[in-house]
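Chain A is already provided as a structure; the job is to place chain B on it using the hints.
Chains as they are written, first to last, in this note's numbering: chain A, 1 to 403; chain B, 404 to 540.
Keep in mind that the hints were calculated from the coordinates and are not lab data.
This list has only true hints and no planted wrong ones.
Listed below are the simulated BS3-like cross-link pairs for lysine-lysine, each with C-alpha atoms no more than 25 Å apart in a straight line:
| hint | chain 1 | residue 1 | chain 2 | residue 2 |
| --- | --- | --- | --- | --- |
| 1 | A | Lys89 | A | Lys224 |
| 2 | B | Lys527 | B | Lys490 |
| 3 | B | Lys425 | A | Lys390 |
| 4 | B | Lys409 | A | Lys374 |
| 5 | A | Lys317 | B | Lys409 |
| 6 | A | Lys224 | A | Lys114 |
| 7 | A | Lys275 | A | Lys374 |
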Amino acid sequence: MNLPIYLDNNATTPMDPRVLDAMLPYFNQKFGNAASRNHAFGWVAEEAVDYAREQIAKLIGASEKEIIFTSGATEADNLAIKGVFEMYKDKGNHIITTTTEHKAVLDTCKHIEKLGARVTYLPVQSDGLINLQELEAAMTSETILVSVMYGNNEIGVIQPIKEIAAIAHKFGALFMTDATQAAGKIPVNVIADGIDLLAFSAHKMYGPKGVGALYVRRKGPRVKVTAQMDGGGHERGMRSGTLNVPGIVGFGKACELCALEMESEAKRLSALRDKLQTSLLQLEESYVNGNVEHRLPHVANISFKYVEGEGLMMAMKDLAVSSGSACTSASLEPSYVLKSLGLSDDLAHSSIRFGLGRFTTEEEVDYAIEVTKKSVTHLRELSPLWEMFKEGIDLDSIEWAEH
Amino acid sequence: MAYSDKVIDHYTNPRNVGTLDKSNVKVGTGLVGAPECGDVMRLQIQVDDNNIITDAKFKTFGCGSAIASSSLATEWLKGKTIDDAMKIDNMDIVEELALPPVKIHCSVLAEDAIKAAINDFRVKNGLAPIESEKVHH
Chain A
1 MNLPIYLDNN
11 ATTPMDPRVL
21 DAMLPYFNQK
31 FGNAASRNHA
41 FGWVAEEAVD
51 YAREQIAKLI
61 GASEKEIIFT
71 SGATEADNLA
81 IKGVFEMYKD
91 KGNHIITTTT
101 EHKAVLDTCK
111 HIEKLGARVT
121 YLPVQSDGLI
131 NLQELEAAMT
141 SETILVSVMY
151 GNNEIGVIQP
161 IKEIAAIAHK
171 FGALFMTDAT
181 QAAGKIPVNV
191 IADGIDLLAF
201 SAHKMYGPKG
211 VGALYVRRKG
221 PRVKVTAQMD
231 GGGHERGMRS
241 GTLNVPGIVG
251 FGKACELCAL
261 EMESEAKRLS
271 ALRDKLQTSL
281 LQLEESYVNG
291 NVEHRLPHVA
301 NISFKYVEGE
311 GLMMAMKDLA
321 VSSGSACTSA
331 SLEPSYVLKS
341 LGLSDDLAHS
351 SIRFGLGRFT
361 TEEEVDYAIE
371 VTKKSVTHLR
381 ELSPLWEMFK
391 EGIDLDSIEW
401 AEH
Chain B
404 MAYSDKVIDH
414 YTNPRNVGTL
424 DKSNVKVGTG
434 LVGAPECGDV
444 MRLQIQVDDN
454 NIITDAKFKT
464 FGCGSAIASS
474 SLATEWLKGK
484 TIDDAMKIDN
494 MDIVEELALP
504 PVKIHCSVLA
514 EDAIKAAIND
524 FRVKNGLAPI
534 ESEKVHH
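Pulled out of the complex, with its shape left as it was, chain A reads as follows:
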């Protein structure tokens, strides 16, 4: 077992060696521009891109013509939201999203608010799921787009996508989802789910960084987005720019492997995740954040009360995890996702996200359990809050000087 152990697979994943092998020829031997229509170098590149497009489309049940390549999911989110707003603003200016979306969605929504859009940010329930009645109540005749993420990046909660899509369509709005964390991990099907636009990225599924895609539905309805990158008219005019051929080839291979191995991998990972979670919940005053039934198989977000997350990560120096604490940020604000669940700031500061992946072994999980338990216990010995808790002092009764 090599240290440190990587348990931050929601941030990024290591590239699968099979993906790397598929990509390598496209850097120097088959280096053509896929848009060069008049020689063999271009044809070879175009053929590789076409093949990857099929592999990628297949993973989400789409047709290859519906895949628009981008630099990643952030760009895909931007293109979807800005592109739909620009294309359909005569029809209405209202967009609905949720408070637990990724910043790529939230900040894009903030941007178009300045351009005249009205955005509703739906709150989530304490388990991280949205309330479908609240969504329906927020819909208006002006609503052109509903954007709700498939699986959450911090807590792994999976939203009821099919039901959300049905509500959007009932009111004549389009439905978009950021499926960056879900695609390749759980079955995602744009037809069965009723998705009109879907953003995803290669590097979250053992592919390379710097490449992603936006699925744009071609029929029932035919969806259009206004290009946000102008130039040579690539990607059916929706996203100009020379295609990242090696990246796209890698993305294709990554999708193919995920489709093949998803079922067995999800079983393996959820068993490991559950082992980790069950063991860590044996620690007093530890809590899982988010719904545990509707959850991605490889994620567990756990708060260890009376211990600060960043301090804890420092103690677990051989584990690469992430925390909802934000001691390094200027605002000192803890995770907005955890706060949206109604978690108090101190519990949000005490949270750790464990993200397992394809290369995580049982031995590593066992080690992670041991190190985490030891670190939490050690830091609680150092924690004045833990001492007060043990003495039966109600921490809410103390007048804290917020700084």
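Below, chain B without anything else, positioned relative to chain A:
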């Protein structure tokens, strides 16, 4: 962000972790910060009849830099008179631990904890608390 060797040293082997009897008139206790902000420090001093700090203990809920700042503060406090201890400046802690700008608040908190502990001792012993005029940024 990488931590300095001194932060890692104090974090890994924190000095003077513990609790003094806060009901003892010769013990001053400072509890600063807030759980919502992700930092709470409790710093305690034991003072002798010559107003010299003979022992200091801390417990901290916070990041590595907060733990290191309070650990360092207890080291510096021991052997100082309460008047000299009052002069410990947060920037001395920043310098000693090589704290980056985002962690300066940890040193501020440690300074606040020192002053709060000394004032607690002063009030317990019939002395007026000393108001700090320093404005932190």
